[in-house]
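Novice: Start from chain S and add chain W according to the hints.
The lines below spell out each chain.
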Amino acid sequence: MMHSSEELSAKAKELLVEYLDKYDTLKPKDRTKIPSQEMPTQDPFIRRNNLEEVSLGFTEEQARVEAMRCLQCVKKNCVQDCPVNIDIPGFVNHIAHGNFEEAAQIIKQTTLLPAICGRVCPQESQCQLHCAVGKALKDIDKSVAIGRLERFIADWERKNNKRVLPAIKPPTGKKVAVVGSGPAGLVVAADCKREGHHVTIFEAFHKLGGVLRYGIPEFRLPNEIIDQEIETLNQMGVEIITNFVVGRTKKLIDLIEKDKYDAVFVGTGAGLPIFMGIDGENLVGVFSANEYLTRANLMRAFEKEKADTPIFSSKKVAVLGGGNVAMDSARMAKRMGAEDVYVIYRRTENEMPARKEEVLHAKEEGIEFHFLENAKRILGDEHGCVTGMECLRYELGEPDQSGRRKPIEIKGSEFIVDVDTVIVAIGNGSNPLISQTTPQLEVNKRGNLLVDATQKTSLDRVFAGGDIVLGAATVILAMGEGRKAAASINNMLAAEIEIENADKKELYLNVLDI
Amino acid sequence: MNIIIYKEQLSKDVFLMRIYAPLIAEERLPGQFIILQTDDDYGERIPLTIADANTEEGSITIIFQVVGKTTTALSLLNPGDYLPALVGPLGKPTHIHNYGKVVCVGGGIGVAPMHPIAQGLKKAGNHVSIIIGARTKELIILEKEMRAIADELIICTDDGSYGRKALVTEPLKELCESFEKPDMVIAIGPPVMMKFCSLTTKPYNVFTQVSLNTIMVDGTGMCGGCRVNVNNEVKFVCVDGPEFDGHLVDFDNMIARLNSYKSIEKQKQKCFVENAFKEKEVVL
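Listed in order, the protein sequences are those of chains S and W.
Heads up: the first sequence runs through residues 1 to 514, numbered per the working numbering.
Heads up: the second sequence runs through residues 1 to 284, numbered per the working numbering.
Only chain S is shown next, with the shape it has when bound in the complex (with noise of 0.2 Å):
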């Protein structure tokens, strides 16, 4: 059942009253009975048209008696599954206190981007899976909602006007170069810059912020949000250059070679669309969730008045796959008009990778699920159109090696769909570009770029991480990775400055002849 965003205010601050003065003498196990706070939406039949924020984020009250749900346990292993290691009682104890900077503070010391982690993370496989309110609970939904604890914090301190640029140390004269601007790009950027480094990022689109830009839909994580990040790193003095392809308008290895860049680190994400490489898939009707996500996100073909890049408009679409994206290309046809949107999943509902609460909100917003379905060939009319889809019915067999149970297709049980569109998110392969234009990058056999355990590269002075290493990944793995391969850079670079000092010095004590 869901409640208006003032009802959940309203009750959040009666039980603010009850809890304030007696929070900090409660027992573990009075903790676990206050009531965890839902997330306030916009209304189902509202937001299927329009592209505001579905999320609008907890009240002050609501964060804090969630955050008083907290045990604040010795173990923290809340902390160990997240892939920045934020101090998550710390923080969430900051909250319930109402001392919300300090609760940034904490935050901001292993995390650049929480305001965006907060939405996009998939906190119920890290931080809140081991939650001991969840597991106390037996309700793994009944964990303390700290990504949207998270979330909080970093719209509060945007709100507020809180933000304060990070300390930069004095210019070192060495020059980092980030190709591509997407999670791990804008991570790596502000840690090399943070270090007093020259840091350009190289971006093939005309806009920044890759993936959160062009996949992730306003609707979940709004644009204003990734402008801000985008804004600081301006502030901080990066420098960025749009549309430029690297590999292609200069050569990743003439970046070190001939404008003398000390460090690349390659962040180019995802590549190339996975297609079920089925019957039909060419037809006109049939999109890669990444084209259909980017016409409608970057090239705004939402704004169907506005914008010159248009979308195809459908009546029945069908979505493939069971991760985010596959939720986003989803509700993200239903907003362009479409009546009806299928998910079809060859597993269950168990299995699939997305997020609960996007598998929510799509059920919410009239989406229908077709689970253990799964397409066998697209059919098209004369003219090379979708006129439907034939789908085979599955069932879970044995584990297999992802220890998943293994769908099973159930011999003759072909059946007919009927679809217009087709949109595949079942992932993508490497981007292609790097490696063709740059032979001496060593690559997996997906075309994945080898990385060794700091995030260097085959080559002398690259690294990489985020998708290009990782396949297709998340947001905060991206992150963690941007993360790893900025400190090993900022390393060798520091290492590299002491050696040169050392030089210098030498070179002053031979000449004074001491």
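Since the hints were derived computationally from the structure, they do not count as laboratory data.
Simulated restraints, written as ranges between beta carbons of each label pair:
(1) S:A453 to W:V67: 46 to 56 Å
(2) W:L258 to S:G98: 52 to 62 Å
(3) S:H383 to W:Q267: 17 to 27 Å
(4) W:G80 to S:P44: 48 to 58 Å
(5) W:L77 to S:G277: 42 to 52 Å
Taking lysine-lysine pairs in the DSS-like style, the calculated list, with each CA pair at most 25 Å apart, reads:
(6) S:K304 to W:K262
(7) S:K75 to S:K108
(8) S:K445 to W:K235
Which bits of chain S does chain W cover? Going by a derived footprint, with three or more residues having C-beta under 8 Å, they are:
(9) 204-213
(10) 264-276
Using N, Cα and C, we set each Cβ at its ideal position, and we do this for glycine too.
Specialist: Just chain W now, kept in the frame of chain S:
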């Protein structure tokens, strides 16, 4: 950056522009293309082949036909104006080496991207025959430039207003039947022309390269909008092409895909023209 240095109207709806883009001019090779936008907020990204480059001036040359909203907007820009987004060079360059005897077939504005390729092939020591085709005389472009390269130049028009009254496939067939049949044919032009050039050369087993200009969004291997069937395999024009073996391309599928947004595109163009000329009080 991206300032328009020079503009020339080559025929009724075909324009040539030189644009200041020194990095692209430096790196580009024959066969590669750029993507541009006339508005980087709401504009679309369109791919255009690079017709020429001048590294001294730091410029690239594009030749385009007015077919939609963005090409209309582009044609209304003038020297001194600039493009808010221009990215390239994209795609794999043409593989240029000495094949022996080559035939270059350029249809309509396909002659523009053919120019640097023909130049390269000639320089590599090939005997170069060039066939230029257009609907009518006034749509023939770059005749002088191509004549300077060609060992043999054949011009065809559909209506016979200039050169032979024939489709380009006619002289192409004759060349394939001649005593010394070509070692390689390269055809660039409208999809239908490339399809029939490929069908013409197939019985003679003459390797035929075509340059595809499909729908694209990013142009760097991310969206997959440009995919084509080549030998029953899905290929991406932006990173695997734009040039493919014409005998293996599924042209019918490609043509259907090119028409995906035809009606929306026409409507956008019409709206744009009406608004552009209402503001400027110019009668079209």
